[in-house]
Amino acid sequence: MKKFLLVSAAILALIFICGLAGSSWLAKSTGKQLKKLRTEISDAGDPIYYTDYGTEPVPEQKNAFVLLSEAEAGIDAYSELVRSLEAENESTNSGIEQSKSPLILKQQKTFLAENSELFDLLKRASQRQSFQTDIDRSQGFGASTAHAETSRRAIEMLADKASMLASNGEGDAAIAVCLTGYRILQLTGQERCLVGFLMECVGLEKLGKVIQQTLTTCEVSATMLEAIDTQLQQFNLNTNLTNTIKVERATGIQSFQDFQQVDQKPDEKQIPLPAFFLGTNIGKAYFDDDESAYIEYMNECISMVNQTKTLRDQRMNGLTEKLLASTYLKPISKLIIPDMKSIFDAKDDATARLRALRILLAIQLQPDMQVKSLPAEIRADPYTSTDMTVRKKSDGWLIYSVGRNLIDDAGNLIPIAPSQPPLDVGYGPTSSKPTTNN
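Going by the numbering used here, the sequence shown opens with residue 742, and the numbers climb by one from there.
Among these hints, one or two may not hold up.
[What the hints assert, rightly or not] Derived pair list, reagent style EDC-like, types lysine to aspartate or glutamate, alpha-carbon separation capped at 16 Å:
1) Lys-1075 to Glu-1041
2) Lys-987 to Glu-781
3) Lys-1133 to Asp-1109
4) Lys-947 to Asp-901
5) Lys-850 to Glu-827
6) Lys-987 to Asp-784
7) Lys-850 to Glu-897
8) Lys-864 to Glu-813
9) Lys-987 to Glu-1041
10) Lys-847 to Glu-829
11) Lys-1063 to Glu-1041
12) Lys-776 to Asp-787
13) Lys-987 to Glu-1037
14) Lys-987 to Asp-793
15) Lys-850 to Glu-911
16) Lys-1082 to Asp-1054
17) Lys-947 to Glu-897
18) Lys-773 to Glu-1037
[Stated by the list, open to error] Label pairs and their calculated CB-CB ranges:
19) Lys-950 to Leu-1076: 29 to 37 Å
20) Ser-1126 to Glu-811: 53 to 61 Å
21) Asn-1047 to Pro-843: 46 to 54 Å
22) Pro-1108 to Ala-785: 31 to 39 Å
The set of hints was computed from the structure by calculation and includes no laboratory data. Bear in mind the structure is a predicted one, so any value in this text is a computation, not a measurement. Note that the Cβ used here is the ideal one computed from N, Cα and C, for glycine as well.
Throw the hints in and build the complete structure from the sequences for me.
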C-alpha cells in the first residue's frame, strides 16, 4: 500500500510538473505571437492602444463641434417635436402606417421657419475645417456616441427642411441645405468610430433621397448640381472605414490589456473571480490567444475594405467560420463579427448610393451623355465591380446596384420589410428636369 501511494504521488508530481511546464510554454508561445502582431501594427505606423490616439487641440474658431454643441438644444427640440407628432399620428391612425398629415407637416414647417438662426448656426459649422469633440479617449470609443447621435439628428432636420423646400419648388435652396448636411457629415467622419461611420452612411442615404426628390420635382441650376457633385467627391468611405477599423482594433487591444491588468487594492478583501484564472499561465495564454485572433481578424477586415463584397466574402467567410468553430476559445473576438458584417454592408450600400447619385447628377447636367464615358470608379458596382445598371424608362432614369444578394432584381428599390434593405440599391425613376445656367 505504501509503495502504491509513493508511485501515485510520483505520478501526480510528474503530471503537475509537466502541467506547469506545458502551461508555461503555452503562455510564452501565445505571448510571442501577440507581441509579433502588436509590433507589426506599430511598424505600420499605427497606434497600438486607443489611448495612443493623441490629437493636437483644434482652435475653437476652426472647430465645427463648438457650433454643433451650441445648436444641440435646438436640434433636440426639433427631434422631440417630430417624435411627439409621429406618436400622435400613429395613435390617430390606430397604428396603420400612413403619410404625415397636413397638420403635422404644417407644425414642422412652422418650427423650421421660426428657427432660421439654428440653420445659420449649422451652416457656419459646416464651413469650418475641423471637428474635434471634448471626449475623454480613456473612456473608450463609446464616449463619442452621444456626439454622433447629435450629428445624426442634425442631418435629419436638415433633410426635412430641404425636402420641404423641394416641395415648394425651391430647387437651389433645397440643394444648398443638403450641401450643409453633407459638409457636416464629412466633418463628423473625422471622429473615426464605428457608430459615427454607421451614422455617416445613414446620413448619406437620407440626403440622397432628398436630392432625388429635388431633381424630380424642381429645376436646379447647373451651378448647384456641380456643387453637389463636387461635395460628393469628398467622401472616401473606404479610407474612412479603414481608419475607423484601426481605431476599433486599438480599442479592442486596450480592452484586452485593461481586462488582464487586475489592480488589487490593499483594502479589498478578496481578488475578483477572473483574477484566479488570469493570474495563471493558462489564463494568460487563453486571453493572449483571444487577443491575437482579434487582431488577425481586424487586420483581415482592413485588408478587405477596398474589395468587392464577392471577393471579401470569399476571403472572410473561411476566417469567420474558423473563429466561430473554436467553441470555448476566443470568446471576445467572436463578439466583433456581426458588427463588422453590418459595417461592411452599410459601407457597400452607401458607396452604391453615392455612385448612383453621381451618375444621376451627370445625366442631369448632360442628358445626352454616354454613361460609359464616366470614370470607372463612378460606374463600378461596389458589390461586383461590374458597371451599375443605368436604364432610361418612360418615367425617368433608373440607376442601381445589385445589392447584397448580388442579383439584379430589375431595380427593386423598395425595402421588402421595414427592417430589411431593398433588393437593389440606387435611385429612380428620376426624370431629367431642365437645368438653369444661373
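Right, here's what the structure says about each hint:
Note on Lys-1075 and Glu-1041: the hinted pairing holds, with a Cα-Cα distance of about 14 Å set against a maximum of 16 Å. Under the criterion of a C-alpha separation no larger than 16 Å, the hint pairing Lys-987 with Glu-781 is consistent with the structure, at around 13 Å. Between Lys-1133 and Asp-1109 the alpha-carbon distance is near 11 Å, which keeps this suggested pair within the 16 Å criterion. Of the pairs offered as hints, the one joining Lys-947 and Asp-901 holds, with about 9 Å between alpha carbons and a cut-off of 16 Å not exceeded.
Restraint check for Lys-850 and Glu-827: satisfied, since their Cα atoms lie roughly 15 Å apart, inside the 16 Å limit. Restraint check: the Cα-Cα separation between Lys-987 and Asp-784 comes to about 14 Å, which is no more than 16 Å; the hinted pair holds. Using a Cα cut-off of 16 Å, the hinted pair Lys-850 and Glu-897 holds, with the two alpha carbons roughly 14 Å apart. Note on Lys-864 and Glu-813: the hinted pairing holds, with a Cα-Cα distance of about 14 Å set against a maximum of 16 Å.
Of the pairs offered as hints, the one joining Lys-987 and Glu-1041 holds, with about 11 Å between alpha carbons and a cut-off of 16 Å not exceeded. Annotation: proposed proximity of Lys-847 to Glu-829 holds, straight-line Cα distance about 14 Å (limit 16 Å). For the proposed pair Lys-1063 and Glu-1041, the alpha carbon gap of about 14 Å is at most 16 Å, so the pair holds. Taken as a hint, the Lys-776 and Asp-787 pair is honoured in the structure, with Cα atoms around 15 Å apart against an allowance of 16 Å.
Restraint check for Lys-987 and Glu-1037: satisfied, since their Cα atoms lie roughly 12 Å apart, inside the 16 Å limit. For the proposed pair Lys-987 and Asp-793, the alpha carbon gap of about 12 Å is at most 16 Å, so the pair holds. Our distance criterion of 16 Å between C-alpha atoms is met by Lys-850 and Glu-911, whose separation comes to about 14 Å. Proximity of Lys-1082 to Asp-1054 is assessed by CA-CA distance (about 10 Å); at most 16 Å being required, the pair is judged to hold.
Using a Cα cut-off of 16 Å, the hinted pair Lys-947 and Glu-897 holds, with the two alpha carbons roughly 7 Å apart. In summary, the hint linking Lys-773 to Glu-1037 is supported, as the alpha carbons are separated by about 14 Å, within the 16 Å threshold. At about 33 Å, the beta-carbon gap between Lys-950 and Leu-1076 stays in the expected band of 29 to 37 Å. For the hinted restraint 53 to 61 Å between Ser-1126 and Glu-811, the CB-CB distance of approximately 44 Å leaves it violated.
Between Asn-1047 and Pro-843 the C-beta distance comes to about 48 Å, which sits within the given range of 46 to 54 Å. Between Pro-1108 and Ala-785 the C-beta distance comes to about 47 Å, which lies outside the given range of 31 to 39 Å.
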